[in-house]
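Trainee: Kindly produce the complete structure, drawing on both the sequences and the hints.
Okay, so the sequence shown: first residue is 1 according to the working numbering, each after it adds one.
Think of the hints as simulated: they come from the structure by calculation, not from any bench. We put the CB at the ideal spot given by N, CA and C, even for glycine. Take the hints with a grain of salt, since some may be wrong.
Claimed, not checked - Quick list of in silico lysine-lysine cross-link-like pairs, DSBU-like style, CA-CA up to 30 angstroms:
| hint | residue 1 | residue 2 |
| --- | --- | --- |
| 1 | Lys213 | Lys279 |
| 2 | Lys213 | Lys248 |
| 3 | Lys82 | Lys69 |
| 4 | Lys82 | Lys248 |
| 5 | Lys213 | Lys82 |
| 6 | Lys240 | Lys69 |
| 7 | Lys240 | Lys213 |
| 8 | Lys69 | Lys279 |
As the list claims (entries may be wrong) - Pair ranges (Cβ atoms, derived):
| hint | residue 1 | residue 2 | range |
| --- | --- | --- | --- |
| 9 | Gln145 | Gln299 | 27 to 35 angstroms |
| 10 | Ser338 | Glu56 | 40 to 48 angstroms |
| 11 | Gln163 | Ser325 | 30 to 38 angstroms |
| 12 | Gln159 | Glu118 | 26 to 34 angstroms |
| 13 | Trp63 | Gly95 | 27 to 35 angstroms |
| 14 | Tyr92 | Arg183 | 37 to 45 angstroms |
| 15 | Gln163 | Gln299 | 46 to 54 angstroms |
| 16 | Gly119 | Glu56 | 25 to 33 angstroms |
| 17 | Asp316 | Arg241 | 18 to 26 angstroms |
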Amino acid sequence: MVICRSMRIAMLGNWINIHDLTGFVHALLRRDRERLRLYWPQSSRDRTQANWRHVESPPTNWWSIPDVKRRWNLLVSGDAEKDPPAHIAATYLSGRTNLTALSLACGTGTRELRWAEEGCFSRIDAIDMSAPRIEHARNTARARQLDRIANFQVGDVWQIQGQGQYDVVLAEQSLHHLAPIPRILSIIDRCLCPGGLLVVNEYIGPDRFQWTKEQMHRTTALLSLLPEEYRRLWNSNRVKRRIHRPSKLFMLSSDPTEAAHSSDIPACLDAMFTRLEWKPIGGTVLQLLFTGIAHNFLQADENSRRWLQICFAAEDAWLACGELSSDFVVAVYRKRES
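Mentor: Written as structure tokens, this is what we have:
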């Protein structure tokens with residue numbers, strides 16, 4: 001009785017939940033050291049560095065699905081085959097060359113190398129705290145003969161120096177890891193030259209992935225419609241049957257930087273920069289839905305594409321009627337005149 005009451009008290013406010021406990025037990029049974037590491041006490045910096053030392057991940061998230069990427073393209077550029085870098089370069093950087101860019105928390109450099117292909121940049125300085133990821137990015141840049149443009153460096157974005165030397169700053173899936181938001185935006189503002197652009201591709205949803213009840217309800221309903229073959233979890237015979245909201249304690253222990261103040265990003269951006277373009281790309285339902293099962297949709301067969309279109313249409317309808325708001329956005333901002 002005392003134990004049950006203590007568990008109920010501990011779970012208040014979703015600081016811990018039954019999903020954490022079952023996840024820990026599964027990790028113990030499988031002797032999954034990587035998963036168990038998430039539950040082991042470490043300093044905030046050590047935890048973050050450990051969480052981002054890998055250079056490859058299984059294709060179990062929504063961004064791994066080719067049709068999801070084409071959907072993003074369509075929502076941003078109006079053309080499923082024209083991705084955001086191509087759209088933004090054509091719209092805001094057309095005819096310009098020898099531009100310089102700064103990319104924050106670049107990871108393995110995939111996005112920076114895509115930008116380097118646009119032909120408008122002479123140098124892209126890309127910074128990340130993960131040495132293994134920077135090494136991987138450098139090797140890829142050399143292999144693709146883009147290393148003269150893409151300059152990957154291990155570093156701390158909070159220690160970036162300089163004043164007005166960049167035409168463009170790229171913040172792609174990095175701002176929601178960089179809190180406090182006003183402080184990092186001040187660094188970006190300082191680094192941009194007059195009239196410089198800030199390109200944002202970001203998660204702006206609930207802090208610490210504390211999904212709303214309506215969000216979870218809609219996603220669970222959609223999940224229940226999917227045939228079991230599309231709900232098989234990665235490298236497992238288990239089937240995904242429900243949507244879980246990660247506990248706050250797990251979020252803090254696995255990566256203290258993850259979405260700490262993500263919901264503040266839009267207001268902070270609008271307070272400091274001039275908005276030029278704002279393209280919501282959803283993810284409010286699709287991110288939750290496809291987590292752990294995205295690999296089942298990698299093949300472009302008729303049946304999987306039919307189910308993808310059903311899922312896309314459902315999220316579009318809920319966003320259009322205002323029942324949900326987009327958790328991800330692609331946007332362009334301009335530095336304001338002093």
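Trainee: What are the numbers of the hints the structure violates, in ascending order?
Mentor: 4, 5, 14
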